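2 protein chains.
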Amino acid sequence: MLGQMQSQPLLISSLIEHAERHHSATEIVSRRVEGDIHRSTWGKTAQRARQIARALDALGLAFGDRVGTLAWNGYRHLELYFGVSGTGRVLHTLNPRLHPEQLAWIINHAADTALCFDMTFLPLVKGVAAKCPTVKHWIALCDADALPADSGIPGLKSYEAWIGEQSDATYRWPDLDENSASSMCYTSGTTGNPKGAVYSHRSTVLHAYGAALPDALSCSARDSILPVVPMFHVNAWGLPYSAAAVGCKLVFPGPALDGKSVYELIEAEQVSMAAGVPTVWQMLLGHMQANGLRFSTLKRTVIGGSACPPAMINAFNDDYGVEVLHAWGMTEMSPLGTVCTLKNAQLALPPQEQLKVRLKQGRSLFGVDMKIVDDAGHELPWDGKAYGDLLVRGPWIIASYFKGEGGDPLRYDEHGRGWFPTGDVATIDADGFMQITDRSKDVIKSGGEWISSIDVENIAMAHPAVAMAACVGMRHPKWDERPIVVVVKKPGAELSREQLLAFYEGKIAKWQIPDDVVFVDAIPLGATGKMQKMTLREQLKDYVLPELRAQA
Amino acid sequence: MLGQMQSQPLLISSLIEHAERHHSATEIVSRRVEGDIHRSTWGKTAQRARQIARALDALGLAFGDRVGTLAWNGYRHLELYFGVSGTGRVLHTLNPRLHPEQLAWIINHAADTALCFDMTFLPLVKGVAAKCPTVKHWIALCDADALPADSGIPGLKSYEAWIGEQSDATYRWPDLDENSASSMCYTSGTTGNPKGAVYSHRSTVLHAYGAALPDALSCSARDSILPVVPMFHVNAWGLPYSAAAVGCKLVFPGPALDGKSVYELIEAEQVSMAAGVPTVWQMLLGHMQANGLRFSTLKRTVIGGSACPPAMINAFNDDYGVEVLHAWGMTEMSPLGTVCTLKNAQLALPPQEQLKVRLKQGRSLFGVDMKIVDDAGHELPWDGKAYGDLLVRGPWIIASYFKGEGGDPLRYDEHGRGWFPTGDVATIDADGFMQITDRSKDVIKSGGEWISSIDVENIAMAHPAVAMAACVGMRHPKWDERPIVVVVKKPGAELSREQLLAFYEGKIAKWQIPDDVVFVDAIPLGATGKMQKMTLREQLKDYVLPELRAQA
Numbered sequence: 414m415l416g417q418m419q420s421q422p423l424l425i426s427s428l429i430e431h432a433e434r435h436h437s438a439t440e441i442v443s444r445r446v447e448g449d450i451h452r453s454t455w456g457k458t459a460q461r462a463r464q465i466a467r468a469l470d471a472l473g474l475a476f477g478d479r480v481g482t483l484a485w486n487g488y489r490h491l492e493l494y495f496g497v498s499g500t501g502r503v504l505h506t507l508n509p510r511l512h513p514e515q516l517a518w519i520i521n522h523a524a525d526t527a528l529c530f531d532m533t534f535l536p537l538v539k540g541v542a543a544k545c546p547t548v549k550h551w552i553a554l555c556d557a558d559a560l561p562a563d564s565g566i567p568g569l570k571s572y573e574a575w576i577g578e579q580s581d582a583t584y585r586w587p588d589l590d591e592n593s594a595s596s597m598c599y600t601s602g603t604t605g606n607p608k609g610a611v612y613s614h615r616s617t618v619l620h621a622y623g624a625a626l627p628d629a630l631s632c633s634a635r636d637s638i639l640p641v642v643p644m645f646h647v648n649a650w651g652l653p654y655s656a657a658a659v660g661c662k663l664v665f666p667g668p669a670l671d672g673k674s675v676y677e678l679i680e681a682e683q684v685s686m687a688a689g690v691p692t693v694w695q696m697l698l699g700h701m702q703a704n705g706l707r708f709s710t711l712k713r714t715v716i717g718g719s720a721c722p723p724a725m726i727n728a729f730n731d732d733y734g735v736e737v738l739h740a741w742g743m744t745e746m747s748p749l750g751t752v753c754t755l756k757n758a759q760l761a762l763p764p765q766e767q768l769k770v771r772l773k774q775g776r777s778l779f780g781v782d783m784k785i786v787d788d789a790g791h792e793l794p795w796d797g798k799a800y801g802d803l804l805v806r807g808p809w810i811i812a813s814y815f816k817g818e819g820g821d822p823l824r825y826d827e828h829g830r831g832w833f834p835t836g837d838v839a840t841i842d843a844d845g846f847m848q849i850t851d852r853s854k855d856v857i858k859s860g861g862e863w864i865s866s867i868d869v870e871n872i873a874m875a876h877p878a879v880a881m882a883a884c885v886g887m888r889h890p891k892w893d894e895r896p897i898v899v900v901v902k903k904p905g906a907e908l909s910r911e912q913l914l915a916f917y918e919g920k921i922a923k924w925q926i927p928d929d930v931v932f933v934d935a936i937p938l939g940a941t942g943k944m945q946k947m948t949l950r951e952q953l954k955d956y957v958l959p960e961l962r963a964q965a
Numbered sequence: 414m415l416g417q418m419q420s421q422p423l424l425i426s427s428l429i430e431h432a433e434r435h436h437s438a439t440e441i442v443s444r445r446v447e448g449d450i451h452r453s454t455w456g457k458t459a460q461r462a463r464q465i466a467r468a469l470d471a472l473g474l475a476f477g478d479r480v481g482t483l484a485w486n487g488y489r490h491l492e493l494y495f496g497v498s499g500t501g502r503v504l505h506t507l508n509p510r511l512h513p514e515q516l517a518w519i520i521n522h523a524a525d526t527a528l529c530f531d532m533t534f535l536p537l538v539k540g541v542a543a544k545c546p547t548v549k550h551w552i553a554l555c556d557a558d559a560l561p562a563d564s565g566i567p568g569l570k571s572y573e574a575w576i577g578e579q580s581d582a583t584y585r586w587p588d589l590d591e592n593s594a595s596s597m598c599y600t601s602g603t604t605g606n607p608k609g610a611v612y613s614h615r616s617t618v619l620h621a622y623g624a625a626l627p628d629a630l631s632c633s634a635r636d637s638i639l640p641v642v643p644m645f646h647v648n649a650w651g652l653p654y655s656a657a658a659v660g661c662k663l664v665f666p667g668p669a670l671d672g673k674s675v676y677e678l679i680e681a682e683q684v685s686m687a688a689g690v691p692t693v694w695q696m697l698l699g700h701m702q703a704n705g706l707r708f709s710t711l712k713r714t715v716i717g718g719s720a721c722p723p724a725m726i727n728a729f730n731d732d733y734g735v736e737v738l739h740a741w742g743m744t745e746m747s748p749l750g751t752v753c754t755l756k757n758a759q760l761a762l763p764p765q766e767q768l769k770v771r772l773k774q775g776r777s778l779f780g781v782d783m784k785i786v787d788d789a790g791h792e793l794p795w796d797g798k799a800y801g802d803l804l805v806r807g808p809w810i811i812a813s814y815f816k817g818e819g820g821d822p823l824r825y826d827e828h829g830r831g832w833f834p835t836g837d838v839a840t841i842d843a844d845g846f847m848q849i850t851d852r853s854k855d856v857i858k859s860g861g862e863w864i865s866s867i868d869v870e871n872i873a874m875a876h877p878a879v880a881m882a883a884c885v886g887m888r889h890p891k892w893d894e895r896p897i898v899v900v901v902k903k904p905g906a907e908l909s910r911e912q913l914l915a916f917y918e919g920k921i922a923k924w925q926i927p928d929d930v931v932f933v934d935a936i937p938l939g940a941t942g943k944m945q946k947m948t949l950r951e952q953l954k955d956y957v958l959p960e961l962r963a964q965a
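If you're matching them up, the sequences are chains A and B in order. Per this note's numbering, the very first residue in the first sequence carries number 414; after that it's consecutive. Per this note's numbering, the very first residue in the second sequence carries number 414; after that it's consecutive.
Derived by calculation from the structure, the hints in this document are not laboratory data. This structure is a prediction, so every number in the text was calculated from the model and none was measured. It cannot be assumed that every hint is accurate.
Pairs count within a copy or across copies, as identical chains cannot be separated in the list.
Below, simulated SDA-like cross-link-like pairs (lysine to any residue); rule was C-alpha separation at most 20 Å, straight line [claimed, not checked]:
no.: 1; residue 1: 784; residue 2: 822
no.: 2; residue 1: 549; residue 2: 934
no.: 3; residue 1: 903; residue 2: 537
no.: 4; residue 1: 784; residue 2: 438
no.: 5; residue 1: 712; residue 2: 772
no.: 6; residue 1: 549; residue 2: 730
Using the sequences plus the hints, can you model the full thing?
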């Protein structure tokens, strides 16, 4: 027996239509690449999105064609979010921080047919244009008169001139299949080539509902939301979509992510909620502390991308009365998986105990199932102690990558249900608060037990003579793997192997203490400052564990 | 091009699974029919829902079979919400306030195969059982030892014994098509026979997301929510589902809806949000005022079902610091359509202006499109003045009634999109706040213009000599219809036709003033206290407008 409800598909066009009808006058404020502050509204955004739709039709782009963007957070990027996806084309947000070679590789892999970019990225685009034969249309996100006389890009158009040709702003959004692709984003690809996550209208709308819930990002029409997290970073955590669903004000920082610029924007636009990665908040807090400033409207910050340091949570909460919400997600998850919104039980804890909970990545939203499993795939208990591979499933989590790259990423349970392996190792406590303890590939598997490389590193880092520490597993014939710790000493500091190993005693189980310490001058770091353990392991390829040296 | 996301269906079973995994210990507190307070949890609810699932399988009920309930708000009813729908059977909530003949008609029309009822309704069930041949299983929601020796119902089982037979509480919820029927509810049917709205898993889950949003019912795991609105009244506005999605505490009042019982429950269970119809809140406020009581935890009340009087909004807000949220919906809408959550612009208004907004039914949630149209189906402006038939569409609004009763209820626009006519006449202002001004069938259409029967009645009711007034339209050869007002005078009061007509002057446009006043001893009222205008029109079938009497 079937239900007898309307079979209206879940579409991104319905988000912008809702925002226009119900929140037409609500502002979209952007600090532009040009440096000035630009004011738009949901009504204007909807109108210009329809102009984009007509302009894409005029270019003859086919259904499903990819339209790339290389842009900061701003009103034109927002218009493209709705204008491109609403028509059934696929918005492909590109990360301008990538190496040009990698950028060209991704554009070619996605076969983008048009590319819209902020003028700040003109040099980058010039460098890759000749290597991207699929791109037929280059569009600079600027006024017609801001276009350079000789850009070096064949047929370059200004965005304003391009959409300005469509003086008729009427357009009927097509009734697409809700499972149609709406947008895509490539993973950073620390191993192998980047892989594309392809979102659908359905997944995007469901994520918009889930992310806006009170215990997630809590979006209301009364809010003024500042997404500092880039729109090229998993759709700014989906905030543009949730914002349209609830009709809140949006404030975009453009390229100015320094503490002063962000602070001034928060104050001028009465921002109530801001979302971003820890580094941005570090700059903001530094600026405020140096200048004795206060927030007058900010109530919440959502922090994700990497783990938030305790000192930052305390500074926001204790010094500025701003609630910090730790969040966790992935490109493959649209991205939101968990938000660390406390329940009444945690709110009743003393401050130090509460902080321990706030450091966790949080509880999953309805729509995200999660579990932790051991090597054999058996589910582990939610006791806050057992840790295992974190697997997730749900309607806004990928089933496969674009073009099937990497094969089938899912792991199937006994009921045939596919789970996406996050690549993280985590604990989950009885209240459902998840905490990432390691990356799966970094965890050391010793004698059937797991050792968190992060725990081993944190202890070394707490030693006054240690500047940086990396823990990696080394093959062992009996134990499978044994941990060693690779250490960079602070300039001028003295530290012996025996001293550091002794430092571990009492801080960690005896069998978790590293077998050896290797002193090096530097540990290889990636572009985002993360330790490159793959490279480190490569450098250690001739290393032999002390216990095995006699035999060698 | 399709998205590459997981194709997980939206299912009611996923709601209870989420609540169990993430909020197992969160309480479900019920005042029972037995009079005592019962304490359960989401964990126990999930476990007992699985026992129901196994017990339904044991009875041999087929996929899609209807399981009726005649029950107050309580933990067993909640268990049936998930246990019945989760398996692919259809939960059919019955309204015990209906006349037994109508109840039997509905049970037969739905062809319920099992019926679960609270012991308070045993006399009612005894009266209809013989007339309901489709019902093979009668289950009393009580302990085994509470079952009367001779109930008069063949094969009557106690719920606790029935589910208790399933000692194994493991069960794998089936992976249903999300468009499968999950539950049904009949409209009250003021004209003709009642009609069944058949909800799907998809519509229910989407409604659960929408209703839980900050600007709708705002449900968080921190909340303790008291649904006073009956679970047989459009699934208690969907609160059981939204509550499972967010894992909040639920508090059920059972049959005790008097002011004292409701107040004590709110205080004892630290209720933060309560939802119900105005009459219940009137009793609650009366009890509090008479006893000088205060709320210690209640923050919000959601009021729907009928328009909320201004005095009630003021009393909650000014005297008790409780925010009143006016909401509007229909059985055909799952039910939520609009909630009157103010935006910043309205919050900045002076109190009297703000109250005017709070009296409106509110703004639509994302997921509900609405428009107002004139007789020709042309859309009317959102200016707060123009009024017309209110039409709605969205994924949790019905497409048709059970068994196709009443034909195709939708009206189709120029794009072939079907809109459900609510039967209400409304205005919508520029900020999207909708206000119902009349029922479509009651509005008087005079010379191409519409006259609100409610406006005409409210003016008469403001006259000190008037106890009750009903405005109805009378056929007129030139103007189509002209309004007259039917009046019951207060006992001993004196009032002439001319005095009342003079009272209208200056309060309403001249052409909107009724053509005549008809004094009667009583106006026919329905079971819920609403005026029965159809009966009234029948009583007035020989009435002739003054202007036409000469010609007659």
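(request) Tell me, in ascending order, the numbers of any earlier hints that this structure violates. (result) 2, 3, 6
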